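Colleague: All chains, full assembly: derive it from the sequences and hints.
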Amino acid sequence: MNDTTVTLVGNVATAVEYRETVTGGVARFRFAVTARRWDRERGLWSDGNTSFYTVSAWRSLGANLAASVSVGEPLVVHGRLKVREEERDGQRKTFVDVDAVAVGHDLSRGTAAFRRAPRTERAEAKPQPEQDPWTVAAEEGTTVNPQLVTVS
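For the sequence shown, my numbering assigns the number 1 to the initial residue and increments by one for each residue that follows.
Since the hints were derived computationally from the structure, they do not count as laboratory data.
Quantities reported herein were computed from a predicted structural model and do not represent experimental measurements.
Backbone N, C-alpha and C define an ideal beta-carbon position, used for all residues, glycine too.
Just so you know, not all the hints are guaranteed correct.
Dumping the calculated DMTMM-like pairs for lysine to aspartate or glutamate here, alpha-carbon to alpha-carbon at most 25 Å [what the hints assert, rightly or not]:
1) Lys-93 - Glu-17
2) Lys-82 - Asp-3
3) Lys-82 - Asp-97
4) Lys-82 - Glu-20
5) Lys-82 - Asp-99
6) Lys-82 - Asp-106
7) Lys-82 - Glu-17
8) Lys-93 - Asp-3
If you anchor each label on the Cβ, the simulated ranges turn out as follows [said to hold, decoys possible]:
9) Val-71 - Ala-35: 18 to 26 Å
10) Thr-50 - His-78: 16 to 24 Å
11) Asn-64 - Asn-2: 22 to 30 Å
12) Thr-111 - Ser-51: 22 to 30 Å
13) Gly-24 - Gly-90: 34 to 42 Å
14) Val-22 - Ala-113: 31 to 39 Å
15) Asn-49 - Arg-115: 17 to 25 Å
16) Leu-107 - Val-22: 32 to 40 Å
17) Trp-38 - Arg-88: 35 to 43 Å
18) Arg-116 - Gly-43: 41 to 49 Å
Modeller: This is the structure:
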């Protein structure tokens, strides 16, 4: 699949909304990116246009983001760019979204103290002892006779 990946540097524009879904939690927020240019004539930095993106972060990234980020904080967002068009009030509108792969504070603008999040194990990822014949056999002191199954 040919996704367009982008890295954006900007500021959190809205509060992070976190919701649990069937496929895992998702955090969403609006992200403002303003181009800055050096004006040689005036000898100053000047702000250009501001672009706004809706950033979505899924599962553990979303949960950690919701616990770590507030409005106005400078971030670096890396993810997959999604552009969509919708018709609202008789006008065609374009929306630009980013499915985040990684998000972090912009350390060129301040400091941060990292805290590792505790790992949570999904119940279905770890076989239960009664489902694992090797564990059951070891507990009972019996042996398991593995069978070779071929599929043609």
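Colleague: So which of those numbered hints doesn't the model satisfy?
Modeller: 15
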